[in-house]
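As given, the protein sequences belong to chains A and B, one line each in that order.
Going by numbering that gives the first Met the number 0, 209 is the number at position 210 of the first sequence; the sequence numbering is gapless.
Going by numbering that gives the first Met the number 0, 120 is the number at position 121 of the second sequence; the sequence numbering is gapless.
Simulated from the structure, these hints should not be mistaken for lab results.
Misleading hints may appear alongside valid ones.
[What the hints assert, rightly or not] Chain A is faced by these chain B residues, among others (derived, beta-carbon under 10 Å):
| hint | residue |
| --- | --- |
| 1 | Gly161 |
| 2 | Asp164 |
| 3 | Ser216 |
| 4 | Ile220 |
| 5 | Asp231 |
| 6 | Met270 |
| 7 | Glu272 |
| 8 | Thr304 |
| 9 | Pro322 |
[Unchecked claim] Which bits of chain A does chain B cover? Going by a derived footprint, with three or more residues having C-beta under 8 Å, they are:
| hint | region |
| --- | --- |
| 10 | 165-173 |
| 11 | 187-200 |
| 12 | 214-224 |
| 13 | 279-285 |
[What the hints assert, rightly or not] Restricting the straight-line Cα-Cα distance to at most 20 Å, the calculated cross-link-like pairs of lysine to aspartate or glutamate (EDC-like) are:
| hint | chain 1 | residue 1 | chain 2 | residue 2 |
| --- | --- | --- | --- | --- |
| 14 | A | Lys168 | B | Asp231 |
| 15 | A | Lys279 | B | Glu331 |
| 16 | B | Lys347 | B | Asp231 |
| 17 | A | Lys168 | B | Asp164 |
| 18 | A | Lys279 | B | Asp201 |
| 19 | A | Lys178 | B | Asp164 |
| 20 | A | Lys279 | B | Glu169 |
| 21 | A | Lys168 | B | Asp9 |
| 22 | B | Lys150 | B | Glu64 |
For clarity, every value in this text was computed on a predicted model and none was experimentally measured.
Positions of the beta carbon are idealized from the N, C-alpha and C atoms, including for glycine.
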Amino acid sequence: MAEVEIVSVSKAFGKTQALSDLSLTIGDGEFVALLGPTGAGKTTALRLIAGLEQPDSGSIRIDGRDVTADAPADRDVAFVFQQYSLYPHLSVFENMAFALRAPTRRVPEADIRTKVQEVARLLHIETKLDNKATQLSGGQMQRVAIGRALVRSPSIYLMDEPLSSLDAKLRGELRLELKRIQVDLGATILYVTHDQTEAMTMASRIGVIEGGRLLQIGSPREIYENPINAHVAARLGQPAINLLPAALFGRAPVGAEMVGARTEHLTIARGGGDVSATVKRVEHLGDQSHLHLDLAGRPVVTLADPEAGFGAGDVVSLRLNKPLFFDANGWRVAA
Amino acid sequence: MAQIKVEALDKSFGSFHAVKSASFTVEDGQFLCLLGPSGCGKTTTLRMIAGLELPTAGTIRLDGEDVTMNRASARDIAFVFQLFALYPHMNVRRNIGFPLKCEGIGAAERDRRVVEAARILRISHLLDRSVSGLAGGDRQRVALGRAIVRKPKCFLMDEPLGALDTEMREAMIHELRALHDRLGATTVYVTHDQLEAMAMADRIAVMNNGVVEQVASPRDIYDRPASLFVADFIGSPPMNFLPFRGGLQTGAEAIRLGERDVAIPAAREAMAETELVLGVRPEHVRFTDRGMVRGEIYGTEYLGTTQIVTVTTSYGALKARSPSSRSFRTGETVGLDFRPDTLSIFDKASGRAIRTALHEGVVHG
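Just chain A, same shape as in the assembly (with noise of 0.2 Å):
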């Protein structure tokens, strides 16, 4: 595992800005999580990294050297992709044995034969190492894919949204598992996706990335607590924060336009009081309700306890207490 840098990188594809500027250092065992919205960048820059893609300025470097010029098999880099493309034909085994029998790599067969069963132990896939690839199911497929790039030890795993096209509960344990994994096995990883639950759950540190250009980067709770701007803070949370008028809930600082009202920050009471709002619609989803509130004509969405008893039509006082305060750009203003 190594250090990968990459400095100033900017990447057009004709008029398209992909990338602009772009600088991030994932350290030595760090688990980097690049969030966005489709067309932000995020495959571009794991592209750029594994030299899949040239960039149009700027360097990337891995343990220090730099390897902007070099060809993709010469990084030590290990991708995987969102659809896994797996060999029809072969076993599990063989599939997970494939990139350590390549002649440029001459490992041992007896090597091949502990790392494959060593990661198909950690997968849970090490009953099926008999099995042809297409005997699986979706989520043994991906696991497959996953462990074709693990048996080797690169300088860093890419990773484009690997696990997007699985089901919601395969998609849970799995997040759970890789984060463990790589915890265990000291990886570096730079993982892409636009799902916020699997980059706050994995990451050590997120950058949040829009338009090519990276907002803001720092540990999941930075980011979450401490958003840079209004944009950033839309992008984690749910239910998402309201937006609201900076003065609403009282005074608010010079420049404020916007205030940001995560919903554990407001709390609920009976009744109307300095600030009233009337319930729209509880929707009970299980472990929590959301209450869509009407305040002013604005719609508030928060959380309330199921047993709380609130119904469409109660008139409720809100208290904020950690206001987040934005200016007419949306830039983070002191409260």
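Given chain A, work out where chain B should sit, using these hints.
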């Protein structure tokens, strides 16, 4: 508007029994979700209500009238598909108005209704745009416009948000529910996404292997699952299951789990000694040193407002939801106990929930 009544509906495709004696009623103006994994028979059930498939047995009543053998076009329903096909050579206005044109409705009336539908869906500004340049969400709004412009008795929707990405889907969930509240049309909505169903439905019918396992409000489905399958399918993360061997007497208020007694809602039926399963929702697991189950922290997942804590125990991995302010160390030993009044007990062999005081609570929704 209309009531839909499905009675003992059966459908076989050759030797494959897709739907097995499904019965449920959708009241006038209600939003019902048919929820289940792929292959459970939910889409087949929907297509039978629409008249796109004929049932092998059973009846379908629309407002009391038996329509089981009626053609789809004679049922006055609108179907919204997952893959919405819009006419690429027509603009938004003509796409929405097309069903009315087919019905021979005059241009003036047609335009009035298209404008009305566009206003409801908030796409008035797009009416003269070509559909080919539209974003996914707007294309789905146009597809919905084509359904609502006909003012049908009911809407049938087959995973209409399945093709959209996460963020757009969340926005559309609220939009669709708000649209339903404005129109008040009876709606049957098929999805495999439990969060979608929980967020939108008045009632949910959970299907598994062609069988309707439970029909109830989202709250009841979550708090009082009728079977192991329902308890496992609903909830993220799903309910924890602790297998144990034991019997129950009517009125019993505890079970024996290992060396300890665990308080449960009072049993309302007796069970001879057999394999049972204790069901605990992650938010009802509490950390306490005096806990009845001990385990080791396997990992935590930070979610902002809360965190999911996975604990390895002799009953397998258990998941707990805890405020994110509390910190846990991997490998740390912890004690767990469970909130007694919320627990479910299942018969392992049949998967059926055993009747307890839990099922006598207030009926919600």
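Status of the hints after comparison with the structure:
no. : hint                : verdict
1   : Gly161              : violated (12 Å)
2   : Asp164              : holds (6 Å)
3   : Ser216              : holds (7 Å)
4   : Ile220              : holds (8 Å)
5   : Asp231              : holds (8 Å)
6   : Met270              : violated (27 Å)
7   : Glu272              : violated (32 Å)
8   : Thr304              : holds (5 Å)
9   : Pro322              : holds (9 Å)
10  : 165-173             : holds (count 4)
11  : 187-200             : holds (count 5)
12  : 214-224             : holds (count 3)
13  : 279-285             : holds (count 5)
14  : A:Lys168 - B:Asp231 : holds (10 Å)
15  : A:Lys279 - B:Glu331 : violated (44 Å)
16  : B:Lys347 - B:Asp231 : holds (13 Å)
17  : A:Lys168 - B:Asp164 : holds (18 Å)
18  : A:Lys279 - B:Asp201 : holds (15 Å)
19  : A:Lys178 - B:Asp164 : violated (24 Å)
20  : A:Lys279 - B:Glu169 : holds (18 Å)
21  : A:Lys168 - B:Asp9   : violated (29 Å)
22  : B:Lys150 - B:Glu64  : holds (19 Å)
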